[in-house]
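2 protein chains.
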Amino acid sequence: MAATRRRGTGTNQEAVRRHNLATLLGHVHHSGGVSRAQLTERMGLNRSTIGDLVRELDELAVVSQSVPEAGLHPRAGAGRPSLDVNPDPDSVFVLAVQLGVDSMDVARVGLGGGVLERISRPTPSDRDPEVVVDVVVEMLRQLLRSAEPGSRLVGIAAAVPGVVNDATGLVRFAPNLGWSDVSFSPLLASRIGLRVPVRLGNDAELGALAEHIRGAGRHKSHLIFLSCDVGVGGGVIVEGLPMRGASGYAGEVGHQRFDNGGARCRCGNTGCWETEIGSHAVAAAVGCPDDEIDRLPEYLQPGTRVPPELRRLGRSLGVGLGGLVNVFNPEVVILGGVLRWVFPLVRDDVLDALDAWALEAPAREAQIVLPWLGGDSVIVGAAELAFTDLLADPVGVLARAEGALSTVMGA
Amino acid sequence: MAATRRRGTGTNQEAVRRHNLATLLGHVHHSGGVSRAQLTERMGLNRSTIGDLVRELDELAVVSQSVPEAGLHPRAGAGRPSLDVNPDPDSVFVLAVQLGVDSMDVARVGLGGGVLERISRPTPSDRDPEVVVDVVVEMLRQLLRSAEPGSRLVGIAAAVPGVVNDATGLVRFAPNLGWSDVSFSPLLASRIGLRVPVRLGNDAELGALAEHIRGAGRHKSHLIFLSCDVGVGGGVIVEGLPMRGASGYAGEVGHQRFDNGGARCRCGNTGCWETEIGSHAVAAAVGCPDDEIDRLPEYLQPGTRVPPELRRLGRSLGVGLGGLVNVFNPEVVILGGVLRWVFPLVRDDVLDALDAWALEAPAREAQIVLPWLGGDSVIVGAAELAFTDLLADPVGVLARAEGALSTVMGA
Numbered sequence: 001m002a003a004t005r006r007r008g009t010g011t012n013q014e015a016v017r018r019h020n021l022a023t024l025l026g027h028v029h030h031s032g033g034v035s036r037a038q039l040t041e042r043m044g045l046n047r048s049t050i051g052d053l054v055r056e057l058d059e060l061a062v063v064s065q066s067v068p069e070a071g072l073h074p075r076a077g078a079g080r081p082s083l084d085v086n087p088d089p090d091s092v093f094v095l096a097v098q099l100g101v102d103s104m105d106v107a108r109v110g111l112g113g114g115v116l117e118r119i120s121r122p123t124p125s126d127r128d129p130e131v132v133v134d135v136v137v138e139m140l141r142q143l144l145r146s147a148e149p150g151s152r153l154v155g156i157a158a159a160v161p162g163v164v165n166d167a168t169g170l171v172r173f174a175p176n177l178g179w180s181d182v183s184f185s186p187l188l189a190s191r192i193g194l195r196v197p198v199r200l201g202n203d204a205e206l207g208a209l210a211e212h213i214r215g216a217g218r219h220k221s222h223l224i225f226l227s228c229d230v231g232v233g234g235g236v237i238v239e240g241l242p243m244r245g246a247s248g249y250a251g252e253v254g255h256q257r258f259d260n261g262g263a264r265c266r267c268g269n270t271g272c273w274e275t276e277i278g279s280h281a282v283a284a285a286v287g288c289p290d291d292e293i294d295r296l297p298e299y300l301q302p303g304t305r306v307p308p309e310l311r312r313l314g315r316s317l318g319v320g321l322g323g324l325v326n327v328f329n330p331e332v333v334i335l336g337g338v339l340r341w342v343f344p345l346v347r348d349d350v351l352d353a354l355d356a357w358a359l360e361a362p363a364r365e366a367q368i369v370l371p372w373l374g375g376d377s378v379i380v381g382a383a384e385l386a387f388t389d390l391l392a393d394p395v396g397v398l399a400r401a402e403g404a405l406s407t408v409m410g411a
Numbered sequence: 001m002a003a004t005r006r007r008g009t010g011t012n013q014e015a016v017r018r019h020n021l022a023t024l025l026g027h028v029h030h031s032g033g034v035s036r037a038q039l040t041e042r043m044g045l046n047r048s049t050i051g052d053l054v055r056e057l058d059e060l061a062v063v064s065q066s067v068p069e070a071g072l073h074p075r076a077g078a079g080r081p082s083l084d085v086n087p088d089p090d091s092v093f094v095l096a097v098q099l100g101v102d103s104m105d106v107a108r109v110g111l112g113g114g115v116l117e118r119i120s121r122p123t124p125s126d127r128d129p130e131v132v133v134d135v136v137v138e139m140l141r142q143l144l145r146s147a148e149p150g151s152r153l154v155g156i157a158a159a160v161p162g163v164v165n166d167a168t169g170l171v172r173f174a175p176n177l178g179w180s181d182v183s184f185s186p187l188l189a190s191r192i193g194l195r196v197p198v199r200l201g202n203d204a205e206l207g208a209l210a211e212h213i214r215g216a217g218r219h220k221s222h223l224i225f226l227s228c229d230v231g232v233g234g235g236v237i238v239e240g241l242p243m244r245g246a247s248g249y250a251g252e253v254g255h256q257r258f259d260n261g262g263a264r265c266r267c268g269n270t271g272c273w274e275t276e277i278g279s280h281a282v283a284a285a286v287g288c289p290d291d292e293i294d295r296l297p298e299y300l301q302p303g304t305r306v307p308p309e310l311r312r313l314g315r316s317l318g319v320g321l322g323g324l325v326n327v328f329n330p331e332v333v334i335l336g337g338v339l340r341w342v343f344p345l346v347r348d349d350v351l352d353a354l355d356a357w358a359l360e361a362p363a364r365e366a367q368i369v370l371p372w373l374g375g376d377s378v379i380v381g382a383a384e385l386a387f388t389d390l391l392a393d394p395v396g397v398l399a400r401a402e403g404a405l406s407t408v409m410g411a
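So the protein sequences, as listed, match chains A and B. Note that my numbering has the first sequence beginning at 1, numbered continuously upward. Note that my numbering has the second sequence beginning at 1, numbered continuously upward.
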């Protein structure tokens, strides 16, 4: 029926239909399930148009419809209940990669944003890009082997701790990996040999995206996600949109001078905020040897005795957060990475320092919170990036995705 | 004719016409004069619609049309030359106020953005808000007396060095004026007794706006305007729009920690960047006594011998700018206030420190420049804010503006 409707209609009407189809799929993906009545209201279209669009997505096997459980939609009123439209995670999925200094994670994420499977391995010690990519490809193939037969891969995306250029697939500078000008996406695309786009994002920016869509930043237009491990980066959402800067390099909040007499930073300078709050500083504060830094959370369990060095670090965190609050006037700041363990232990030190530092007006607005997605913010954000193309043009991307998997499954 | 067309047309068509009228007036105001052919191209409307819209604005006496001088439009081709549409600065104007710690400026600015007249006076020494407003009102009345008879005042706006809330007219916190929670706009509105809106903006934000519309930031989507006098603030444009933050307080880049062992700041903290590069630091570096700080430019004339303290200040400026470049990845950073005098003297120190500090990728994008509007950026920005309502709804605002002046002119 969709094909019949398409034939003979003008270009504009076709463009409108494709736009509506994409928008509706976005609602279903981001909400994880939504009733047809809600879609009618949110999209401002009539019931029969919504019905047609849902039917088309159903025929494409990306959504399924179900009768809602009683009581879930109390405002639906009398009459036939509105059907729920749910994303089908087993039918369409992406592969997400998170490159860390110490470990690498890959995940298979279904439509709707759920992590279906996840694998973690230590980062190869010399961090040679070719070796890293080979290991990543091996991990991704492992994920593909457990995908449902007939399910479709629609994208791959990687989160990198550094400045990247998605358009060219280039990692411009990732000091903590020791990378500069690494042509990452083309390399990964050629090694994995699948006909799906490979995209690239900064880890903090992707963390912000995920928390904005499904986490502590939902329904907030101004937020900062602080990605804090060996390196410290910021993902900033301004007016509901990622702040990318002129060429996508914005958000390097860890590389601002914090202390004239501070420590040497991996970026080459002295006294960056990163040297005060990054995971090496945390390790030093709690007496964790540098070569055991992947075990750092063990030193930061709830109830642990808090050494004065960690409280001092908490105050440096608060002072720096206060500066960011003055600069960005955010509604919420989300503390990712190792700060998920640090913040609960030194919360009062952080908030006291922040309150003393930030100007009163913006300080009153800003909540300081942990990521709702826990340790998954960045990899879920990479998955969101990988879903971008599908959500812009479901019909086109699904047409190209058919058969993409059979190539690798046969390999 | 406009009235005839209006009667009987549906609401939607009327809304479209009003939108087009406002958009066209915006083009004329921002460009300072544009041909009808260019308007046709930029707005994507046909020649006769553009002709009708221009005629309506002409009848409202806000624009005038003229035959272009030969050779100015080489691409117009053969045939009758396209008429130029020019803003009429003597017919419609706004009043702009710039409150400084040491001096206060007011200006009458005509449609098209030109400063028609400007008055400057020292800020009353105790900076009592009521006294400040009384002096400002006196200055504004002086400007009004020299306005063309029959010309229409369509708005008043003030730039303040601090965090403000335009919606409520409240100056939340201006530490260098010693103000907190001053209800500025309502006070000014009641004292001047004119039926025009009084609006309020942060000085750096308004400087950024003016440079974005008519200065060093034209056609740039990512820029920072650094307003640097006693206080240091930033106006940031992200994706072509002012970065206001959750409640309009964003941009306080001077109140980030810069040096743990630094000096006490007026905001109450220690080691803010403001203490390193603000005009008091500049005065100390060049041996200008604090009570002669309004004469600071005399100490910073081209060709002056540059003391090592000023070179050190230049390096602190460069390090801080490097941090901002890392955070915002801007296309251009515009140095306003006292930096207009400092930067030419220590340019190499600033740029060397910036290059050493900023990450290479964003550093390569960022130009560091002086404001094209010289010392007028902030007050021209205030004028742009005052023009906002006119540019959103010319017909409605002009209808209300008729007679507004007669009130005060008769007083």
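None of these hints come from the bench; they were simulated from the model. Honestly, I wouldn't trust all of these hints.
[To be verified] Below 20 Å or equal to it, Euclidean Cα-Cα: the simulated DMTMM-like pairs (lysine to aspartate or glutamate) are: (1) B:220 / B:239; (2) B:220 / B:294; (3) A:220 / A:365; (4) B:220 / B:365; (5) B:220 / A:365; (6) A:220 / B:239.
Here the structure is a predicted model, which means the values were calculated and not measured.
Now the hints, each set against the structure:
Between residue 220 of chain B and residue 239 of chain B the alpha-carbon distance is near 9 Å, which keeps this suggested pair within the 20 Å criterion. A hinted pair counts as satisfied when its Cα atoms are at most 20 Å apart, and residue 220 of chain B with residue 294 of chain B does not qualify at roughly 32 Å. For the proposed pair residue 220 of chain A and residue 365 of chain A, the alpha carbon gap of about 12 Å is at most 20 Å, so the pair holds. With a C-alpha separation of about 12 Å, the suggested pairing of residue 220 of chain B with residue 365 of chain B holds against the 20 Å cut-off.
For the given pair, residue 220 of chain B sits about 30 Å from residue 365 of chain A by alpha-carbon distance, which is inconsistent with the 20 Å threshold. With a C-alpha separation of about 19 Å, the suggested pair residue 220 of chain A and residue 239 of chain B falls inside the 20 Å cut-off, and the hint holds.
In summary, the structure is inconsistent with hints 2 and 5 from the numbered list given earlier, while agreeing with the others.
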